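> As they're listed, the protein sequences go chains G and E.
The letter at position 303 of the first sequence is residue 303 when you use our numbering, and the numbering goes up by one with no holes.
The letter at position 214 of the second sequence is residue 214 when you use our numbering, and the numbering goes up by one with no holes.
Think of the hints as simulated: they come from the structure by calculation, not from any bench.
Values in this document were obtained by computation on a predicted structure and should not be read as measured data.
Note that CB positions come from ideal geometry on N, CA and C, so glycine has one too.
All clues given are correct.
A partial selection of chain E residues facing chain G, derived with a Cβ cut-off under 10 Å:
1. VAL84
2. GLN277
3. LEU288
The chain contents come next:
Number of protein chains: 2
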Amino acid sequence: MASRVIQVAEQDDDILEKCKGFMSLPVTDVQVLQEKKGEMCTRMELLIMETQAEFCRALEKVDGGKFKTDRWQRKEGGGGISCVIQDSNVFEKAGVSVSVVFGHLTEEAAKQMKSRGKVLKGKDGKLPFCAMGISSVIHPKNPHVPTVHFNYRYFEIEEEDGSKQWWFGGGTDLTPTYLNEEDAFLFHNTLKEACDKHHPQYYPDFKKWCDRYFYVRHRGETRGIGGIFFDDLDSPSQEEAFGFIRSCTSTVVPCYVPLVYKHRDDAFTAEEKRWQQLRRGRYVEFNLVYDRGVKFGLATPGSRIESILMSLPLTAKWEYTHEPEEGSREAEMLEVLRTPREWL
Amino acid sequence: MASRVIQVAEQDDDILEKCKGFMSLPVTDVQVLQEKKGEMCTRMELLIMETQAEFCRALEKVDGGKFKTDRWQRKEGGGGISCVIQDSNVFEKAGVSVSVVFGHLTEEAAKQMKSRGKVLKGKDGKLPFCAMGISSVIHPKNPHVPTVHFNYRYFEIEEEDGSKQWWFGGGTDLTPTYLNEEDAFLFHNTLKEACDKHHPQYYPDFKKWCDRYFYVRHRGETRGIGGIFFDDLDSPSQEEAFGFIRSCTSTVVPCYVPLVYKHRDDAFTAEEKRWQQLRRGRYVEFNLVYDRGVKFGLATPGSRIESILMSLPLTAKWEYTHEPEEGSREAEMLEVLRTPREWL
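Given these sequences and hints, build the entire structure.
Structural data, given as structure tokens:
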């Protein structure tokens, strides 16, 4: 018995110790996390808090500025931590947000949360749920530094008989203003290496899913040069799926931050800045018209709008019938967005 | 007989003569317009072409620049004329667009076109239709000149038995960056005078409808200070409904252009320009997330995206958690958007 008590005390210290490195205390009380430390909700919350801190610190280092950290609470249960840096040295706007929400869903709402729309049965039609995730969009000032987005999330829903339905979703994707094949290779290759540790089909399947998901239908072009995207991941086991998410979150720094160092001091012209602003306009179009997360957020009463729309750039531009010159670097970028490529 | 021929010839000349003053030839062949000159489709097409020319000329005069006129064709039938002035003296972006489209609708699509969703029966489930309208958004450079939007449209659908369903819709609304009560009064009063010629309930009813329609739910604020908005207008008679539309289109110059002259040379600060840019961001949010015309356009294959998104400003801004100082002119504007007022 004595040894067990000591072991628990050590692990408690671990969680507390970990929290010290976070951007803020986790959303859930540290004591509750300690009590439920074996549960997936706890492990995922700690992972996304850790990822947030790791990514924010790496961005602060390359930028020289400091993130502003906001904690917010959701009346219906849970809350979030939004870290934002705005109009700084390297970044025009960079947001890294964690949210952990829980409560009860109707059967209809539960059905909509899963992209495959599985039917779930709740007690009196209500299902206790827990949803959490990390979401980030980084818009740099220099048009030669690409924009990156990633999101990793976990859902858990309890059915009438007490059994739990759970699944993971997420992805990381890159939106450059100008094509740089070396950057595209590094980015995709880092993601592929993380995927390959878990399943040989993950990278090819999730790369395709990404191109499909980030398609701006009314423009006939993808938002960027892709990456990976997946949803409803509930196999082969919870442990292995979580291991995959951990591999994914551990790539966010190595797949992006080297590109920032590489290009942050690149010279650029007013014309290149203008093209970046026009591409930012397309980014806004995707996010407001198609993005499932944004649509879900805007339609959900009590959601924190500022955290949802944190992904919008500081500045964007819409010119009527702008068409890049044939053979230009702008036309080259458009061509790739119209016909997604294989990068590896 | 002789006198009848002369009369027709004179009217033909009238249409040709009228066309000379337009920004471009109408969408429909002049000969077809002459053949069908008594029909509502023809009368409405001439009215919107006339309104486009009148408004564009008035804006050119106050700006000093020239509109660029694009004619475009719709593969499935019809087309449009888009007039745009961009990054000019007074206007950052001003678009005035006419479209006239026709073809066949499915019963489902016909149902969706009417906001009340009336069921219409077509031959083999297909209904010949004709839809036309004028749509305009003017974004000035100076933050003290308000943004204006108007849209007037006509639909006609032929049912299985050959009978025609028709209705008008439209509205004009103002989006200032800073509140100016005198401007608000002039704008609303001009609209009310036009409405009152036709029905005492039009202004109060359509003013409320406008506040309701331009509500940005996720922000809890209206897009601007309103105006009038209506749809499905099919009474008391086609002639009288068209008369009302004519009264509305004849107000677009007097309700807006005087405000441009009044404020185009107002001094403004960088802070005021910034607030304008943030409000432009909200304009984008409304147009991409809620506007029925934009949503319908983006989802319609073969529609001309550049004409639909012409309404987006040249530049917009999103700052994380921007909140105006208490008692400031920015806070005063927000207050009005959160609690729509009566202006008359």
